[in-house]
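Go ahead and model the full structure; you've got the sequences and the hints to work with.
2 protein chains.
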Amino acid sequence: MTPDAPMESISFAELSALLAAIFEHHGTSPEVARCLAENCASAQRDGSDSHGIFRIPGYLSSLASGWVDGRAEPQVEDLAPAFISVDARGGFAQPALAAARPLLEAKARTAGIALLAIRNSHHFAALWPDVEPFAQQGLVALSFVNSFACVVPHGGHSALFGTNPIAFAAPRAQGQPLVFDLATSAIANGDVQIAAREGHQLPEGYGVDQQGQPTRDPKAILDGGALLPFGGYKGSALSMMVELLAAALTGGHFSFEFDWSGHPGAQTPWTGQLLIVIDPSHGAGNNFAERCEQLIGRMHTAGQLRQPGDRRYQQRAQAELHGIQLPAVELSKLRQLAVAGT
Amino acid sequence: MTPDAPMESISFAELSALLAAIFEHHGTSPEVARCLAENCASAQRDGSDSHGIFRIPGYLSSLASGWVDGRAEPQVEDLAPAFISVDARGGFAQPALAAARPLLEAKARTAGIALLAIRNSHHFAALWPDVEPFAQQGLVALSFVNSFACVVPHGGHSALFGTNPIAFAAPRAQGQPLVFDLATSAIANGDVQIAAREGHQLPEGYGVDQQGQPTRDPKAILDGGALLPFGGYKGSALSMMVELLAAALTGGHFSFEFDWSGHPGAQTPWTGQLLIVIDPSHGAGNNFAERCEQLIGRMHTAGQLRQPGDRRYQQRAQAELHGIQLPAVELSKLRQLAVAGT
Chain A
199 MTPDAPMESI SFAELSALLA AIFEHHGTSP EVARCLAENC ASAQRDGSDS
249 HGIFRIPGYL SSLASGWVDG RAEPQVEDLA PAFISVDARG GFAQPALAAA
299 RPLLEAKART AGIALLAIRN SHHFAALWPD VEPFAQQGLV ALSFVNSFAC
349 VVPHGGHSAL FGTNPIAFAA PRAQGQPLVF DLATSAIANG DVQIAAREGH
399 QLPEGYGVDQ QGQPTRDPKA ILDGGALLPF GGYKGSALSM MVELLAAALT
449 GGHFSFEFDW SGHPGAQTPW TGQLLIVIDP SHGAGNNFAE RCEQLIGRMH
499 TAGQLRQPGD RRYQQRAQAE LHGIQLPAVE LSKLRQLAVA GT
Chain B
199 MTPDAPMESI SFAELSALLA AIFEHHGTSP EVARCLAENC ASAQRDGSDS
249 HGIFRIPGYL SSLASGWVDG RAEPQVEDLA PAFISVDARG GFAQPALAAA
299 RPLLEAKART AGIALLAIRN SHHFAALWPD VEPFAQQGLV ALSFVNSFAC
349 VVPHGGHSAL FGTNPIAFAA PRAQGQPLVF DLATSAIANG DVQIAAREGH
399 QLPEGYGVDQ QGQPTRDPKA ILDGGALLPF GGYKGSALSM MVELLAAALT
449 GGHFSFEFDW SGHPGAQTPW TGQLLIVIDP SHGAGNNFAE RCEQLIGRMH
499 TAGQLRQPGD RRYQQRAQAE LHGIQLPAVE LSKLRQLAVA GT
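Protein chains in written order, with this note's numbering: chain A, 199 to 540; chain B, 199 to 540.
Bear in mind the hints are in silico, worked out from the structure with no lab data behind them.
By construction, the Cβ of each residue, glycine as well, lies at the ideal position given by its N, Cα and C atoms.
Each hint can be trusted.
So, partial list: chain A residues that the calculated Cβ filter (under 7 Å) puts toward chain B:
id: 1; residue: Pro279
id: 2; residue: Ala280
id: 3; residue: Gly310
id: 4; residue: Ile311
id: 5; residue: Phe366
id: 6; residue: Leu380
id: 7; residue: Lys432
id: 8; residue: Leu442
id: 9; residue: Thr448
id: 10; residue: His480
id: 11; residue: Cys490
Dropping the structure here:
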């Protein structure tokens, strides 16, 4: 999109409804459409350009390919006092989480900590929307999701790990929760796609081409190349941990395991996801939200003026006041998609 | 130590007994001495030079200063089906973990996941010895510990976070558990101390001097300077998370909160520690150890030939065959410490 493209404003509710109509029109159940639309509209509202409406063509392409089941009904399994599994049955991870969320929150409050292991699921979205709601309820949440083989392990020569983000959410006594969502790759795939679309070069150290040579060209990374982990061997170890927690522990696929070559157009990784939710009210940390506020105050004093999530909340507040600003041409395309085929 | 210093061999059991005698001689209870000695001897055996006998003077200095209570008896609190706290009562974290370990393992097996929140504790050791034993029993374990203000938050100008390591342990079907222990600082404090002692310069990007300017001089970092987080804003966010999990959630101190200025010689951070232990046998990931083995096999194929923990296990195997090799002069100093004052 060019800076001087005509813009149009749309409310969050309108964008959610429009996206839900698109999903449903392209083969999802109403419940799945509602989940994905709210997730995607939230990302767009909060300024997460790489996970907002930019993702719609990928979702629809994957649905059209038959790779992901937009009508799957997740099966929740209550396995132990603090252990829940969901078989997403080849559908999306967000409806699987939605189906288990009340039980997960209840178990976390009763047991003090609880785990949700989602398998056989497709995750194509930002991870922070999965954890933020727990912190809105006073809980601490962690999530891990693997994706598709596009990251070279430290010291290696070929892609094996996914971008494998880690998301964390913590309640604050004042203000919105502290939330971060970090790819363990040096850059998120969505940002590489945006750079390729917009013709930007990337900083050094983010990726390699198909010969395994360092490159700053996002197209060379996407065309048979691969990303590097962030922070050298440490980021690589964390990415490995995400594979183990999101796939091995859940019964899902590793990022390198699934074969989507029989489904041209497939873009949604078929893996697993882990959530860990903690209720801080049980122990001596029952003043957690106040303590979180104290830490943030000191981070500010130490010179870190912007905290994780701040930009999203600022964008959200702007969108609540003035609506979500989208290029008119993009909005027009979306409206077409709600009534016509891809 | 110079490369041609005369070396002496000592068995793990002998070194443990010697260190226990030193701790007890300097004011700890026999149980605390046993815990700390086994931990420290394990680090030395496994080649973790920065957390082996190198730490003994720091331990003894802290004990002599009255800053840490070497005779504290940890109080275990069973708060919920999956939530345990320990008040370490101003003593070391390792005896606190030892006191709660059987209950933590039992809760993890019954509930599927369990949490141990240690507060009012001093942690001056490597973190991997705290998690590896769970993986030896087929469990997955995570731990987080904060330390003392020596790391500048991303974009900031003064030290606030500790080195704040994250440790992870996972069982493998064949071979020793997969274990990593990563400081979220660009370098561990122990390694800065060793570089200062040995007169090495550090790579760029590891620290700043007392004016907040980048420096490669380990002495300038230790003398009023500070470390940087690893991996830029991502490592900084993880370090912040460790403060929240290890201190806010447990009821312990943040790394910037405690004031040891009234105890000259104090070196052991008075903070908190969190452990999360998961039993993978409950769900569809009940073949976790086999899956872990598969991932490691593929990491090897992708060119990552050395896995986290490999070097430790190799050093351990050597030590089991040939004993732990120490400079004779160091061993002589230790033997003195077991019978005389510091």
